[in-house]
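Trainee: Its first residue numbered 1, the sequence shown is counted upward by one per residue in this note's numbering.
Source of the hints: derived by calculation from the structure; they are not laboratory data.
Beta carbons: idealized from backbone N, C-alpha and C, even for Gly.
Don't take every hint at face value.
[Stated by the list, open to error] In silico EDC-like links for lysine to aspartate or glutamate, alpha-carbon gap of 20 Å or less:
id : residue 1 : residue 2
1  : LYS5      : ASP141
2  : LYS5      : ASP82
3  : LYS133    : ASP43
4  : LYS5      : ASP74
5  : LYS39     : ASP141
6  : LYS5      : GLU110
7  : LYS133    : ASP82
8  : LYS39     : GLU136
[As the list claims (entries may be wrong)] Label pairs and their calculated CB-CB ranges:
id : residue 1 : residue 2 : range
9  : GLY42     : TYR105    : 47 to 57 Å
10 : LEU128    : HIS107    : 39 to 49 Å
11 : TYR105    : VAL145    : 20 to 30 Å
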Amino acid sequence: MANPKSTAQIAGHPLHPMLIPFPVACFVLTFVSDLAFWKTSGDFWANASLWLLGIGLIMAALAAVIGLIDLTGDTQIRNLSDAWLHAGGNVVAVLIELYNWYSRYAHGTEPIVPTGIVLSFVVVLILLFTGWKGWEMVYRDRVGVADQVRG
């Protein structure tokens, strides 16, 4: 049986794995900058968190659209429980970060300590889980992996 195919690809290279490092980095760095704000009360860190959340949300939306194309485009992928856990967990993470961003946008630095820090930490934990599930799909189920090596 052939490996599950990534529907959203360029020249055989799946797009989803190219996009996911951006929101992951932004959301993890949000947690780091929240901790820095907690320790320093510096406006720089509050602004950095707000920008990181905003950029992370935009990139997460793009990665989600591409991931949804892959999920709906191949029956083998749709039949993987890891695919649904990966997707569902990431939706939860994005919804948390959307609330996290909006609360800071609407109320300034007040929501950062402790609520923003806790939310950012919870998202980091969720991303560890969903990242694990994503790599399970690649390494165990060979999603998006070429069936043969080109010579």
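Trainee: Against the structure, test the hints numbered earlier, and report the numbers of the ones violated in rising order.
Mentor: 3, 5, 6, 8, 9, 10, 11
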